[in-house]
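Those letters in the sequence shown? Residues 248 to 446, by this note's numbering.
Hints were generated in silico from the structure; no laboratory data involved.
Computed from a predicted model, the values in this text were never measured in an experiment.
By construction, the Cβ of each residue, glycine as well, lies at the ideal position given by its N, Cα and C atoms.
Hints should not be assumed to be uniformly reliable.
[To be verified] Label pairs and their computed distance ranges (CB to CB):
| id | residue 1 | residue 2 | range |
| --- | --- | --- | --- |
| 1 | LEU402 | THR306 | 17 to 23 Å |
| 2 | PRO292 | ASN340 | 35 to 41 Å |
| 3 | ASN340 | ASN378 | 16 to 22 Å |
| 4 | ALA293 | ASP341 | 31 to 37 Å |
| 5 | SER290 | GLY388 | 37 to 43 Å |
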Amino acid sequence: MNFYKILFLFRRIIMSRQSIFLISIVLTSGFFLTGTISAIDISDPALVGYWSLDEGSGTTTTDLSVNDYNGTLNGGASWTDGIYGGALHFNGNDAFVETGQSILNGLEGFTLAGWVSANNVNVYSSLFGQNDLVEFGFIGGSELGTWLLGNNWVLVSASYPFDYPSWHHVALTGDASGVVIYIDGQVAASDPGAVSSGS
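All chains should be modelled from the sequences, with the hints used to inform the complete structure.
Below, the structure written as structure tokens:
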């Protein structure tokens, strides 16, 4: 995984009441988290989606993987500078990005990750996920967590350093053995509960 162009999935990104910035998005169908810097091979079949967010203008963010899950900016999502290249700014009201696809369905494992810079967020605010399966984002004013849907509902959360304008790399991995949340490459929380692969 390249920490300069990071992993993450979005079907719909919704931010509520606070400014949040995201850069570089990728989804993989397996797990890989490492501190080493390497290039992303956009032809890798395990790469489900990769959004660099470097467009800088327009209403589309291009999926650079072979799957073409392009995202459409909605509400108040706007282009800005990020920690590495471009980023998206969410207005804290009605901004989101949507691919219109159920990208996570049928995967045995997944990694959702991205670089985030956020002010305090006082409500549940999804950073990325799939509305009918898993969401990964902020819980109240102090935590980063996931809410998982399907055959069961599991909540895993970890303290998040709201130190805006600093950027933090956040990631969620999930499979039949459970979920793990990473913040800046370190395990922040985990739960052995299985994650449904969806239908």
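Here is how each hint holds up against the structure:
1. LEU402 / THR306: 17 to 23 Å: Because 33 Å falls outside the window, the suggested range is violated.
2. PRO292 / ASN340: 35 to 41 Å: holds, 38 Å
3. ASN340 / ASN378: 16 to 22 Å: holds, 19 Å
4. ALA293 / ASP341: 31 to 37 Å: At 34 Å between Cβs, range holds.
5. SER290 / GLY388: 37 to 43 Å: Since the Cβ atoms of SER290 and GLY388 sit about 41 Å apart, the hinted range of 37 to 43 Å holds.
Violation of the numbered hints given earlier is confined to hint 1; every other hint is satisfied by the structure.
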